[in-house]
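Undergrad: Take the given structure of chain A and dock chain B with the ligands to it, following the hints.
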Amino acid sequence: MIEKNLVIIGGGPAGLAAAVAAVDEGERDILILERDAVLGGILNQCIHNGFGLHTFKEELTGPEYSARYVRQVEERKIEAKLDTMVIDLSKERVVTAINETDGLIQIQAKAVILAMGCRERPRGALNIPGARPAGIFSAGTAQRFVNIEGYMPGREIVILGSGDIGLIMARRLTLEGAKVRMVCEIMPYSGGLKRNIVQCLDDYGIPLRLSHTVTKIHGKDRVEGVSVAAVDENRLPIPGTEEFVPCDTLLLSVGLIPENELSRKAGVAISQKTQGAVVDESLETSVPGIFAAGNVLHVHDLVDHVSTEAELAGKNAVRFIRGLDKGPAVVMVETGFGVRYTVPSTIHPAAATSITTIRFRTDNVYKDAYLTVLLDGERVQHLKKRILTPGEMEEVLIPAKWLLTRPGLQKITIRVDKE
Amino acid sequence: MHDILIIGAGVIGASVARALSAYAAKTIVIEKNHDVCEETSKANSGIVHAGYDAHPGTNKAHYNLRGSRMMAAFCREHQIPYRNNGSLVLGFAEEDLPKLEALRDQGTKNGVEGLVILSAAEAKRLEPNLNGEVKFALLAPTGGIVDPFELTIAQAEVAAINGVEFAFDTKVESIRPIAGGYRVSTTRGVYEAKVVVNCAGVRADELNNMVSSRKLSITPRKGEYCLFDKQVGALVDHTIFQLPTQYGKGVLVTPTAEGNLLIGPTAVDIEDKEDVSTTAEGLAEVVRKAKRSVLAVPTGFVITAFAGLRATERGGDFVIGEAPDAPGFYNAAGIESPGLTSAPAIGDDLAAQIAQALRLTIKTTPMRKRPPVVRFEPLSFEDKAAAIRRDPAYGKIVCRCELVTAAEILDAIRRPLGATTVDGIKRRTRAGSGRCQGGFCSPRVMHLLAGELGLDPLAIAKYDKQSTILVGFDKDDL
Ligand SMILES: Cc1cc2nc3c(=O)[nH]c(=O)nc-3n(C[C@H](O)[C@H](O)[C@H](O)COP(=O)(O)OP(=O)(O)OC[C@H]3O[C@@H](n4cnc5c(N)ncnc54)[C@H](O)[C@@H]3O)c2cc1C
Ligand SMILES: Cc1cc2nc3c(=O)[nH]c(=O)nc-3n(C[C@H](O)[C@H](O)[C@H](O)COP(=O)(O)OP(=O)(O)OC[C@H]3O[C@@H](n4cnc5c(N)ncnc54)[C@H](O)[C@@H]3O)c2cc1C
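So the sequences go chain by chain: A and B.
With numbering that gives the first Met the number 0, letter number 220 in the first sequence gets 219, and the count goes up by one each step, no holes.
With numbering that gives the first Met the number 0, letter number 74 in the second sequence gets 73, and the count goes up by one each step, no holes.
Hints in this document: simulated from the structure, not taken from any laboratory.
It is possible that some hints are incorrect.
[Stated by the list, open to error] Straight line, CA to CA, 25 Å or less: simulated BS3-like cross-link-like pairs of lysine-lysine:
id : chain 1 : residue 1 : chain 2 : residue 2
1  : B       : Lys-25    : B       : Lys-474
2  : A       : Lys-178   : B       : Lys-474
3  : B       : Lys-272   : A       : Lys-219
4  : A       : Lys-56    : A       : Lys-3
5  : B       : Lys-368   : A       : Lys-219
6  : B       : Lys-170   : A       : Lys-272
7  : B       : Lys-290   : A       : Lys-272
8  : B       : Lys-25    : B       : Lys-362
9  : B       : Lys-464   : A       : Lys-215
10 : B       : Lys-272   : A       : Lys-215
11 : B       : Lys-229   : A       : Lys-90
Looking at chain A on its own, in the form it has when it is part of the complex:
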C-alpha cells in the first residue's frame, strides 16, 4: 500500500484548484488521480468562451481556463496519474485505482478530496415514450463528438432542456452546419444562464419553447421526428397541443447528477436535493478527512465558482492533515421559503474563515424579491434582488463576526421574501 497525505480524485477544474491551493497551504505530498488521458475535466470539450471572468478577469475558452490551472499544477510539480480510474474508496480513506501500467494500486491517504464532477441524466430520467432509434444523444456526448472528434451527430435537431449545455450546443451545432429546430423546456423558465439564451438562441433565431416537452420519439432506425406538446402547471402535456416536429436528432440537456458512486462506497452522507455530499463550512463530508468540491458536490453553472470552492477544500484538507480542531459548536444552515438547498449545510463557528460563502439555488423564479438571512430568527440581511432563478446559483456571505459574537447560535436561515 502506498501512503500519501492528500489524494485528489478527479483532475478537472475542481481537482486542479484544490491541488494548487493545498500546495500553497504548505502541503507537498499530493497525488491527483484522473481517469482521462489529460487534465482539465469536462472543460476540454467546452471550446466556447465565457470562462474565467471572475477568476482571471478575462474571457477565456474552457480549454484555456483549464490550461492555466494545469500550468500551475505543473509549476508546483504536483504528481498526477492519468488514465487512472479510482474504483473504490473506503471510509478509512484507502483509495483503490487501476490503470494499464501500474495495474491495481491502493493508497492510504490522510485526506481525500472528491472532485469527480457530474454526469448527464439520460432519457430514462424523463421516461420519454416512443421508439428507441439511433439519433438520441445527451448534449454533453454530442459536444464531445462535435468539439473533440469533429463528427456531426445529426443535421436537423431538436433540443430538450434549456440547461446551459443544451443552449451552448444549439449554437455550436448551428455554427457547424446543422439546423436546430427548437429548444423545448418543460418549466416556464429556462434552466440556463440568461446570457446563454441571448447569445446562443436569440442571436441565431432558434426558438425557445417554454412550458413545452417532447411527448414521443418517432423513427425505427434513426429518429424521424418528435412530438412536442405544451404542458400545464403540473407539467403534464395539454391534449390537443401536440405537434410533430421532423428531425433526425434529439439532444437531451435535462440535468446533471453529481458522480457520487465512490462517495457512497465510503459511506459519505448524500443530500437528496443536490445528490452531492452533505458538507460543513470546510467542505468536509460526513466522513472525517474526506472533502468534496465542484460539480461532484453540487452542480455549478460557472467554473469560476468551482475553482474558489475547490481552493477552500484544498486548504481545509491540509488543515485536517495537520490536526485541525473545529470545536464543539455547530450551527445549522436552514433552507427557508424559496431556497432548495444550501452548501454548506452546517458551520462550525470556531473553524469558519473570516467570510463563509453559502451557495444555494432557489426553487422557482422570483422577481423583485428579497434575500433574507436570519440568525436564530434575527434578521441580519435583507437584500433586494431583481431576479432569482433556479438556473443561476446564488450566494450569501457570512462574516465570522456574526458567528463569534453570538455564542450558542443554533441556526442560520436563508430564505426568499416577497417584500
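TA: Below, chain B with the ligands alone, put in the same frame as chain A:
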C-alpha cells in the same frame, strides 16, 4: 443442401442450434437482423418461472418445469448470469386466498416443488418493502432470474463454435417444399435444407402458413417496462407478482440478474409486429400498478424504458414439433412467456426429434465450450490486479457506470459471433446499460468497434446497417 435450416436467432433458435450442434449435421441459422437477440428475447422480464402458471398437461407447463429445473446447471455450464431468488405472488384481499391456493395446487400438480402460502407478516419478513395492503403471498422458492441476452448469446456462441453457420441480415421471404426438403428464398439468396425449424417469434405464424394448412395466428401483445438504477436494485429480493385483480392483470417488481430493478409489463394486443415503442399510458400504468406491490416506486431512478412483443398464438399454447401436414417442417411457434425459461428444454427436444428423423449421430469429438467470459467489475481486488497483469486492457475503464474495461469490449468484438454494433456491445458487456445510458462510453465504444472492424466511425451503427450514429464531419453542410 443443408441438413437443417433454422429461422430466427432469438433464444429459441439459438437453443435449437446449440442442441443440434452436438450432432454431425450441416446446420445454418437464418436471421433477418444484424445480430442475435434483437427481438423478443431482448425485451422481457428475464424471469425463470417456477411453473405454477400454466394449466397441467399443456406444452407450457411441461417445458416450463423442465426449463426451470435445468436452468441453474445450464447457466453455470454456459457462463450465464442467473440467480435463484424465489418469487412471491401477492394477494390483496381475503378472497385472494382461495385463488392463491388454486395456484399452489396447480403448480404442485405441474411438479413445482416447495410452494407455500405465507401470511402478510411472513411475506414482509422476506420482503420488508412490500406494500402494507398485502394479505397473503404464494412463495415459489424455485423461481429465478436470468440475463436474457446472455441466455441467447451464449447458446448461439456454443452453436457457432461447434460448427453451426449463421447468416445475418437475411430475411426469409418464402418457403416451398422440394424433393427431400424445402427451398427457402431469402433477401440474400436461396437455401435448400432437409429440415426447416421455424423459430421466428411473432412471425412464426406467417412462416408456418407458407407450408402448412394448419394455420397459426399470432397476435403481438405488447409489454412495457421501466428499468431502474442499480442503486435501487435491492428494493426487493424476490420476484414479486400480483394476483390478477378487478383492476386487471398485475405487473411484476423484480431485481434483474444484473442487479437492476425492473417493473412491468403491461399487456396490450396490437397489430404492428414491429411496434416496440413505449407509450405514456403504458409507462404510467406500470408505475401505478407496481405501487400496489411495494411501498414506494423510486421513479427518480428510472434509467430507461422498453417494450417487447409476446407471440400470442390463438390456441393459447406453445406449438412445438413437426407440422402434421409438412414433413420436415418443425415449429417452435407461439413461444410467449414462459418461453425464456423453456428455451433450453425446447431446444433439446426439437434437436432430438430432428436427429431421430434425419438419423443424425452424435459427434465423436466432445462439444467445445464458450471461451471464458471475464467480467471485471465483480472480481476481487486480487483478481482485478491479476487480470490487468495478464492483459493491460483490463486497466482501461470504458464504461464508468458498469465498470466495463477495454479488454471486455475487445473480447466481445473478437468472440465467435462477436458484436459489430453499439447495442451488440451493450448486450454482451453491459457497457452503456448503466445510469448514464451510454452518454460517457458510446464514443469510446464506437472507436473500439471501428478500430477492431477496420471501419470508419461514421459506419458504426446502433443495431443495424441503417441505424448509424454520426452523420458526417463538422461543417460538411456549410
Ligand atoms: C457537458 C458540460 C458542459 C459544461 N459547460 C460549461 C460552460 O459552458 N461554462 C461553465 O462555466 N461551466 C460549464 N459546465 C460546468 C463546468 O464543467 C463545471 O463548472 C466544471 O467543469 C466542474 O469542474 P469539476 O472539476 O467539478 O468537474 P469535471 O470538469 O467534470 O471534472 C471531473 C474530473 O474527474 C474525473 N473523474 C471522475 N471520476 C473519476 C474516477 N473515479 N477516477 C478518476 N477520475 C475521475 C473526470 O474524468 C474529470 O476529469 C459544463 C459541464 C458539463 C458536464
Ligand atoms: C413482455 C414479455 C415478457 C416476458 N417475460 C418472460 C419471462 O419473464 N420469462 C420467460 O420465460 N419468458 C418471458 N417472455 C417470453 C420470452 O421472452 C419469449 O418466449 C422468447 O424470447 C421468445 O424467443 P423467440 O426466439 O421465439 O423469439 P424472438 O426472440 O423474437 O426471435 C425470433 C427471431 O426470428 C427472426 N425472424 C422472424 N421472421 C424472420 C424471417 N422471415 N426471416 C429471418 N428471421 C426472422 C426475428 O428477427 C427474431 O430474431 C416474455 C415475453 C414478453 C414479450
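Undergrad: CA of Lys-170 (chain B) to CA of Lys-272 (chain A), is that 25 Å or under?
TA: Between Lys-170 (chain B) and Lys-272 (chain A) the Cα gap is close to 51 Å, so the pair fails against 25 Å, i.e. violated.
Undergrad: For the pair we were handed, Lys-272 (chain B) and Lys-215 (chain A), check the Cα-Cα distance against 25 Å.
TA: The hint holds at about 19 Å.
Undergrad: For the pair we were handed, Lys-290 (chain B) and Lys-272 (chain A), check the Cα-Cα distance against 25 Å.
TA: holds, 23 Å
Undergrad: Please work out if Lys-25 (chain B) and Lys-362 (chain B) have their alpha carbons no farther apart than 25 Å.
TA: holds, 12 Å
Undergrad: Can you confirm whether the C-alpha distance between Lys-368 (chain B) and Lys-219 (chain A) stays at or below 25 Å?
TA: Since the Cα atoms of Lys-368 (chain B) and Lys-219 (chain A) sit roughly 36 Å apart, the hinted pair is violated (cutoff 25 Å).
Undergrad: With the threshold set at 25 Å, check whether the alpha-carbon distance from Lys-272 (chain B) to Lys-219 (chain A) stays at or below it.
TA: holds, 13 Å
Undergrad: For the pair supplied as a hint, Lys-25 (chain B) and Lys-474 (chain B), is the alpha-carbon distance within the 25 Å limit?
TA: violated, 51 Å
Undergrad: Would you check the hint for Lys-178 (chain A) and Lys-474 (chain B), treating anything up to 25 Å between C-alpha atoms as holding?
TA: holds, 12 Å
Undergrad: Within 25 Å, alpha carbon to alpha carbon, are Lys-464 (chain B) and Lys-215 (chain A)?
TA: holds, 24 Å
Undergrad: Assess, step by step, whether the Cα of Lys-56 (chain A) is no farther than 25 Å from the Cα of Lys-3 (chain A), and give holds or violated.
TA: violated, 35 Å
Undergrad: Check the hint pairing Lys-229 (chain B) with Lys-90 (chain A) against an upper bound of 25 Å on the C-alpha distance.
TA: At roughly 21 Å apart (the allowed maximum being 25 Å), Lys-90 (chain A) and Lys-229 (chain B) satisfy the hint.
In this structure, the hints that do not hold are numbers 1, 4, 5 and 6, in rising order.
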